[in-house]
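Enquirer: Got chain S; can you put chain R with the ligands on it based on the hints?
Chains as they are written, first to last, in our numbering: chain S, 1 to 559; chain R, 1001 to 1174.
These aren't lab readings, by the way, just hints derived from the structure by calculation.
It cannot be assumed that every hint is accurate.
What the hints assert, rightly or not - Taking lysine-lysine pairs in the DSS-like style, the calculated list, with each CA pair at most 27 Å apart, reads:
1) Lys2(S) / Lys130(S)
2) Lys1076(R) / Lys139(S)
3) Lys1026(R) / Lys106(S)
4) Lys63(S) / Lys192(S)
5) Lys308(S) / Lys1026(R)
6) Lys1145(R) / Lys130(S)
7) Lys368(S) / Lys358(S)
8) Lys308(S) / Lys331(S)
9) Lys1080(R) / Lys61(S)
10) Lys1076(R) / Lys306(S)
11) Lys1080(R) / Lys306(S)
12) Lys372(S) / Lys525(S)
13) Lys1026(R) / Lys175(S)
14) Lys380(S) / Lys368(S)
15) Lys61(S) / Lys192(S)
16) Lys290(S) / Lys1076(R)
17) Lys323(S) / Lys335(S)
18) Lys192(S) / Lys308(S)
19) Lys498(S) / Lys525(S)
20) Lys332(S) / Lys372(S)
21) Lys525(S) / Lys368(S)
22) Lys139(S) / Lys175(S)
23) Lys192(S) / Lys1076(R)
24) Lys1080(R) / Lys323(S)
25) Lys308(S) / Lys1076(R)
26) Lys2(S) / Lys1026(R)
27) Lys553(S) / Lys306(S)
28) Lys1126(R) / Lys1145(R)
29) Lys368(S) / Lys509(S)
30) Lys1026(R) / Lys139(S)
31) Lys13(S) / Lys139(S)
32) Lys63(S) / Lys1080(R)
33) Lys61(S) / Lys429(S)
34) Lys323(S) / Lys192(S)
35) Lys332(S) / Lys380(S)
36) Lys332(S) / Lys192(S)
37) Lys1080(R) / Lys139(S)
38) Lys380(S) / Lys63(S)
39) Lys1076(R) / Lys175(S)
40) Lys1080(R) / Lys175(S)
Predicted model only: the values in this text are computed from it and were never measured.
Residues per chain, in single letters:
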Amino acid sequence: MKGAEALMRSLEKEGVDFVFGLPGGANLPIYDALVDAKIRHILVRHEQSAAHMADGYARIKRKAGVCFATSGPGATNLITGIATAYADSSPMVAVTGQVPLEMIGKDAFQETDIIGIANPCTKYTFQPRKATEIPETVKKGFYIAESGRPGPVLIDIPKDVQQDSQDIEFPDLIKVRGYNPTIECDLSTIGKAAELLLAAQRPIIMSGGGVILSGAFSELEVLAELLLTPVVTTFKGKGSFPENHPLAMGPIGMHGHAEANKIILEADCILAIGARFSDRSVGRFDEFGKGMSIIHMDIDPAEIGKNKSVDVAIVGDVKSSMKTMIKLLNKKMVKRSAENPWLRRRTELIDYYTESIKDYPRDLTARKVLKKLRQVLPSKAIVTTEVGQCQMWTSLHFDVISPGTFFSSTGLGTMGFGFPAAIGAKAAKQNVPVVDIAGDGSFNMSENSLAVSVLENLPVIVILLNNYMLGMVAQWQRTFYNRRYEGVHLHNCPDYAKIADAYGAQGIKVQSLLELDNAIRSALKSNVATVIDIPIDPEEDVYPFVAPGTGLKDMIVGS
Amino acid sequence: MSQIDSTPERKSSDNVYILSALVEDKPGVLFRVTNLFRARNFNIESITVGYSEFADLSRMTITTRSDDRTLDQLVKQLGKLIDVVEVRVLDRANTVYRELALIKMNAQDPTSRAEITNLASVFRGKILDIDKFTLTVEITGTPSKIDAFRNLVSDFGIVQLARTGVSALPRGAV
Ligand SMILES: Cc1cc2nc3c(=O)[nH]c(=O)nc-3n(C[C@H](O)[C@H](O)[C@H](O)COP(=O)(O)OP(=O)(O)OC[C@H]3O[C@@H](n4cnc5c(N)ncnc54)[C@H](O)[C@@H]3O)c2cc1C
Ligand SMILES: Cc1ncc(C[n+]2csc(CCOP(=O)(O)OP(=O)(O)O)c2C)c(N)n1
Ligand SMILES: [Mg+2]
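Bound-form chain S, shown alone (with noise of 0.2 Å):
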């Protein structure tokens, strides 16, 4: 057996339907060995875009998503797309192609150091230099993606593995000596923290990322009821715990939810659950959480301590660790009443937020089109954004009710995933609609992936916030350079819904909401992707704002 077969056989052990990627000289015998594999290729238009789309399978799927790239080109294409999946712990196996052995070190034609140029942005890189190393490889690299804290990991294989046939053999078990993730949690701190928690009187669940990754929705649901606290998530949390739940508050943060910015500073004991403290969302390391006890609970002791020191830590996958708390819970504790002045709080929080923030006085603002997009699509769609205001407004005014159905690229913010990695979380649910809600200037760097939509019948919905800006650094040239604009405005160049139809998909501009709503009707019903291109005004804000390097309690509610 060759090296590339080694691979497909792999790779369908692994249990991959899909793959994602694009040829080249490298990996030809990738290509040809792929011909007789049970696994779908979707032929991408540009590299990144194949990682982007891996990604945003991985994300609904919770398996690795994998892409394919060639050697020196293509391979670096696809490194903007690895580092957006490392950055928000995303599982992915990256395949490329790559020169000769005995070629590598020659500069030879296409080559790059790959391996080097990807160690800082995955969790692991390999490069086999044997097919029969292959089996062994590819099962190391899945097991290192999928377990512990998931991210991405390369295999680069030269040109002359994938060709060399052998006897090769796959191995059932691999142990990798240097890896162990910890996935069940010392007991005795939950007790601890069961104990901060009891003694609390204004206890507060801060809901991460991890609780996605974890897919421990029902346990977060469970846990919060039992606790009867206020729930706030981080913006990469946001959708692990239903928005429209009477105990929901909604994401935290520079462009967080006013009343959950505020409760969270007045509550005595954080339970931070799968979230990493990053600035983005608790503002100042030193000032956040002063005076509160803090527990936090991570797969991940690298995380514990990195940006806050805390009073418990629970290391440990959080479904097992919250399971681990809610028995012991039940166990120990008195139910509070859900009449209590901590949850009046909340209710008194939301009110006042709802009434003093005002929209803007037009018909078509992006809070005004995200509130009739949450009316008109189904619970169970899933949602994921571009880069930008676009996607702050999201956070704010687009209510995830159903969990898991929801992501963005939130670590690396970078534009021009929400449209590939909609495509990808296409594949991987196929029976419900993805809507990818995006800017101008994020859609037109990967809106070529309209062929790949429209090619493999991946259809999704772009919903388009055109502002003929890279409005959100309009927004901050505005606030803090005096709107001395340079290098924001796109002059509505491109016309989209003619790009759209040039790609054989469908097109609409609309002008009003009741326009809009019969476009979003019509996009649920068309089995091509729709790309509705709703102007907004280019000086719209986002709202409320925590200035970098400030504090949530210095949150600038409206302008």
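Expert: Coordinates of chain R with the ligands only, in the frame set by chain S:
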């Protein structure tokens, strides 16, 4: 490979720590470790790698200057590297550690030669090479002993100098 990386500003809360790690003996491991130090802005005073008591593992000794919090991160981030099988911070009071230095000095006249030879013997050093113009000495000891020797002989003019960086093991049974 001493001083491959050093941050210019040294805080008073910083201490020098010695770390000992067992790492997979395969290509690219040293790169992963040094890349981690660079990417996370950790300081490396010295790093040594060589065979260990295990056939397929190398022992890496790293000395670093950092505060307690950074040290904690450093150990955890190192431990997270898949090729790092074990990492420990050595307690200096219960550790044997040594560095080796080769120092080539100007020694054209007989008095310099005599003096250097004397100093070297006080430091239990060895004369490794001698020619008309220079004298090369090997000194083994703690980094501060080597510093001291270096200071003493600097007036002769140091032509070349190579230090190995620290190697260390905990004392007694493990
Ligand atoms: C324009 C823009 C604006 C933004 N504004 C905000 C904002 O206002 N507020 C905000 O919060 N964020 C914001 N972000 C996102 C921000 O950059 C971070 O990505 C985000 O805050 C990280 O959230 P997290 O810590 O929940 O998730 P992650 O980065 O996903 O971290 C997850 C944590 O959970 C752990 N984990 C993973 N799996 C498990 C498991 N199975 N069990 C236990 N633990 C696990 C990981 O080790 C990690 O520590 C913004 C991003 C952009 C692009
Ligand atoms: C690849 C990349 N380049 C640059 C940025 C910096 N950036 C952040 S938001 C933004 C503007 C995005 O514009 P658009 O997609 O139109 O969204 P809007 O903010 O207008 O809603 C830019 C340029 C980025 N996040 N990603
Ligand atoms: Mg825009």
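Enquirer: Work down the list of hints and note, for each, if the structure agrees.
Expert: How the hints compare with the structure:
Between the alpha carbons of Lys2(S) and Lys130(S) the distance comes to roughly 10 Å, so the proposed pair stays at or under 27 Å and holds. As the CA atoms of Lys1076(R) and Lys139(S) are separated by approximately 25 Å, the hinted pair is consistent with the 27 Å bound. Under the criterion of a C-alpha separation no larger than 27 Å, the hint pairing Lys1026(R) with Lys106(S) is consistent with the structure, at around 21 Å. Distance hint between Lys63(S) and Lys192(S) is unfulfilled; the C-alpha atoms sit about 33 Å from each other, more than 27 Å.
Of the pairs offered as hints, the one joining Lys308(S) and Lys1026(R) is violated, with about 35 Å between alpha carbons and a cut-off of 27 Å exceeded. The straight-line distance between the Cα atoms of Lys1145(R) and Lys130(S) is roughly 48 Å, outside the 27 Å bound, and the hint therefore fails. Restraint check for Lys368(S) and Lys358(S): satisfied, since their Cα atoms lie roughly 12 Å apart, inside the 27 Å limit. Of the pairs offered as hints, the one joining Lys308(S) and Lys331(S) is violated, with about 31 Å between alpha carbons and a cut-off of 27 Å exceeded.
The suggested pairing of Lys1080(R) with Lys61(S) holds, with an alpha-carbon distance near 25 Å, which does not exceed 27 Å. Of the pairs offered as hints, the one joining Lys1076(R) and Lys306(S) holds, with about 10 Å between alpha carbons and a cut-off of 27 Å not exceeded. Taken as a hint, the Lys1080(R) and Lys306(S) pair is honoured in the structure, with Cα atoms around 14 Å apart against an allowance of 27 Å. For the given pair, Lys372(S) sits about 17 Å from Lys525(S) by alpha-carbon distance, which is consistent with the 27 Å threshold.
With a C-alpha separation of about 16 Å, the suggested pairing of Lys1026(R) with Lys175(S) holds against the 27 Å cut-off. Between Lys380(S) and Lys368(S) the CA atoms are separated by roughly 21 Å; this keeps the pair inside 27 Å, and the hint holds. Proximity of Lys61(S) to Lys192(S) is assessed by CA-CA distance (about 34 Å); at most 27 Å being required, the pair is judged violated. A threshold of 27 Å between alpha carbons decides the hint, and for Lys290(S) with Lys1076(R) the separation of about 25 Å falls inside it, so the pair holds.
A hinted pair counts as satisfied when its Cα atoms are at most 27 Å apart, and Lys323(S) with Lys335(S) qualifies at roughly 18 Å. As the CA atoms of Lys192(S) and Lys308(S) are separated by approximately 18 Å, the hinted pair is consistent with the 27 Å bound. Restraint check: the Cα-Cα separation between Lys498(S) and Lys525(S) comes to about 20 Å, which is no more than 27 Å; the hinted pair holds. Distance restraint check for Lys332(S) and Lys372(S): the Cα-Cα separation of roughly 44 Å exceeds the 27 Å cut-off, and the hinted pair is therefore not satisfied.
With a C-alpha separation of about 22 Å, the suggested pairing of Lys525(S) with Lys368(S) holds against the 27 Å cut-off. For the suggested pair Lys139(S) and Lys175(S), the alpha carbons sit about 10 Å apart, so the restraint of at most 27 Å is met. Between Lys192(S) and Lys1076(R), the direct Cα distance comes to roughly 23 Å. Compliance with the 27 Å bound is thereby established for this hinted pair. Simply put, Lys1080(R) and Lys323(S) have alpha-carbon atoms about 26 Å apart, close enough for the 27 Å limit, and the pair holds.
Using a Cα cut-off of 27 Å, the hinted pair Lys308(S) and Lys1076(R) holds, with the two alpha carbons roughly 15 Å apart. Our distance criterion of 27 Å between C-alpha atoms is met by Lys2(S) and Lys1026(R), whose separation comes to about 25 Å. Note on Lys553(S) and Lys306(S): the hinted pairing holds, with a Cα-Cα distance of about 22 Å set against a maximum of 27 Å. This hinted pair checks out: Lys1126(R) and Lys1145(R) have alpha carbons roughly 15 Å apart, not beyond 27 Å.
Distance check on the hinted pair: Lys368(S) and Lys509(S) sit about 16 Å apart at the alpha-carbon level, within 27 Å; holds. Taking the CA atoms of Lys1026(R) and Lys139(S), the gap is about 19 Å. The hint holds against a cut of 27 Å. Annotation: proposed proximity of Lys13(S) to Lys139(S) holds, straight-line Cα distance about 9 Å (limit 27 Å). A C-alpha spacing of about 21 Å is found between Lys63(S) and Lys1080(R), which places the hinted pair at or below 27 Å, so the restraint holds.
In summary, the hint linking Lys61(S) to Lys429(S) is supported, as the alpha carbons are separated by about 8 Å, within the 27 Å threshold. Using a Cα cut-off of 27 Å, the hinted pair Lys323(S) and Lys192(S) holds, with the two alpha carbons roughly 15 Å apart. Restraint check for Lys332(S) and Lys380(S): the C-alpha separation of about 36 Å exceeds 27 Å, so the hint is violated. A distance of roughly 13 Å separates the Cα atoms of Lys332(S) and Lys192(S); the hinted pair therefore holds under the 27 Å criterion.
For the proposed pair Lys1080(R) and Lys139(S), the alpha carbon gap of about 19 Å is at most 27 Å, so the pair holds. For the hint linking Lys380(S) to Lys63(S), the alpha-carbon distance of about 19 Å falls within 27 Å, and the restraint holds. In summary, the hint linking Lys1076(R) to Lys175(S) is supported, as the alpha carbons are separated by about 21 Å, within the 27 Å threshold. Restraint check for Lys1080(R) and Lys175(S): satisfied, since their Cα atoms lie roughly 16 Å apart, inside the 27 Å limit.
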